[in-house]
Amino acid sequence: MEIGKRVHVKYLMFTSIILLLISCQSNHVSSNSTVIDIDKFNKRYLDIKTNFSLDGYIEITEDWAITNLVRKFKDSSDSEHSLFQENNKTLVYKNESEGIVVMVGLSPGIEEKFQWKNALSYSSGFYNATNEDSGITKGYSEIYPNTDFLIYNFSGKELNASIVLIADHSRDLHNTEFLPEFIKYLENIN
0 MEIGKRVHVK YLMFTSIILL LISCQSNHVS SNSTVIDIDK FNKRYLDIKT NFSLDGYIEI
60 TEDWAITNLV RKFKDSSDSE HSLFQENNKT LVYKNESEGI VVMVGLSPGI EEKFQWKNAL
120 SYSSGFYNAT NEDSGITKGY SEIYPNTDFL IYNFSGKELN ASIVLIADHS RDLHNTEFLP
180 EFIKYLENIN
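All residue numbers for the sequence shown refer to numbering that gives the first Met the number 0, where the first residue is 0 and numbers rise by one.
What the hints contain is simulated information worked out from the structure, not anything from laboratory work. Cβ coordinates follow ideal geometry from the N, Cα and C atoms, glycine included. Where hints are given, some of them may not hold.
[As the list claims (entries may be wrong)] DSS-like mimics (lysine-lysine), calculated; alpha carbons at most 27 angstroms apart, straight line:
no. : residue 1 : residue 2
1   : K93       : K137
2   : K42       : K93
3   : K137      : K39
4   : K112      : K48
5   : K93       : K183
6   : K42       : K137
7   : K183      : K112
8   : K137      : K48
[Claimed, not checked] With beta-carbon atoms standing in for the labels, derived distance ranges:
no. : residue 1 : residue 2 : range
9   : S76       : I142      : 40 to 46 angstroms
10  : E176      : K48       : 18 to 24 angstroms
11  : T60       : I142      : 45 to 51 angstroms
12  : I65       : D36       : 33 to 39 angstroms
13  : V69       : N145      : 25 to 31 angstroms
14  : G98       : K42       : 29 to 35 angstroms
15  : I59       : K112      : 17 to 23 angstroms
Please build the complete structure, drawing on both the sequences and the hints.
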């Protein structure tokens with residue numbers, strides 16, 4: 000019986016040590032996880048809203064609180080979804096002489112180094128072409144808008160950014176200076 004008690008005590012001690020190690024490892028992992036600094040994000044957003052400017056463009060949202068509603072993912076919590084909704088900011092710039100509208104979406108991020116996430120381009124002259132020499136003719140119809148857009152998604156400086164440039168098909172969005180100037184501004188933001 001005495002031997003059984005010693006084995007039982009050794010088993011409990013061994014189990015306790017294992018659980019303690021697992022607990023320490025778990026705490027170590029969580030202490031290394033990235034926490035989004037909402038105050039830093041809001042400071043940077045206000046800096047951009049207040050100080051970023053580019054000749055020919057005016058920022059039009061002023062004091063409007065633009066909210067973009069998005070569906071909640073089935074595996075996200077209500078608090079995560081609310082945090083995103085509250086911290087998803089929109090700025091809109093217009094260039095009347097060029098006929099270009101630029102939408103800037105900002106949300107808190109974790110990457111300090113800049114990296115591209117995604118890019119899209121839609122040219123109505125190519126994707127709704129009237130002849131095959133100009134582009135894709137499948138599904139052609141005059142009902143589709145004669146609008147082109149470019150979308151750029153990237154992260155850096157603890158921001159997630161989406162830039163959408165929109166213009167009539169007759170405008171050249173690829174040569175606008177907005178995107179490189181905006182990125183240059185972000186690279187120097189504190």
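Could you tell me which of the hints above the structure violates, numbers in ascending order? 1, 3, 6, 8, 11, 12 and 15
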